[in-house]
Amino acid sequence: MCGRFSVNIDYEELKGRYPNHKVVPVKSFFNFAPTMQLPVIIDKDVINMKWGLIPSWAKDNSFASKMINARSETLLEKPSFKNLVDTNRCIIVSNGFYEWDTKTK
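Residue numbers (numbering that gives the first Met the number 0): 0 to 104.
Hints may contain errors.
Once the Cα atoms are required to be at most 27 angstroms apart in a straight line, the calculated DSS-like pairs of lysine-lysine come out as [to be verified]:
hint, residue 1, residue 2
1, Lys65, Lys26
2, Lys26, Lys14
3, Lys102, Lys81
4, Lys26, Lys58
5, Lys65, Lys102
6, Lys65, Lys81
7, Lys14, Lys58
8, Lys21, Lys49
9, Lys77, Lys58
10, Lys43, Lys58
Think of the hints as simulated: they come from the structure by calculation, not from any bench.
Whenever a hint applies, use it, and build me the whole structure from the sequences.
Following this line, the structure appears as structure tokens:
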């Protein structure tokens, strides 16, 4: 599981890669964490969206920081994700993802 994203692309480069898309300014950063705004591609737009999922059954927004990724093996089985697969998709603009090493030597 990854808990961090890296985005190292500037606005002009992104506009050059997607000339037919509406592109908002993008922040280059090496340590995007859950609930931060990440650049994503949806249809013909490059926009910033908050990283995290608030399932339809959630009573408040507290789930957003907990639901940050999904396993491909169970994506179609989990109630939180299975109804979103066909309708709610985006491409995350990123050049890396990683998990902090919290083990001490």
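Subject >> Violated hints - listed by number, lowest first >> reply: 3, 4, 7, 10
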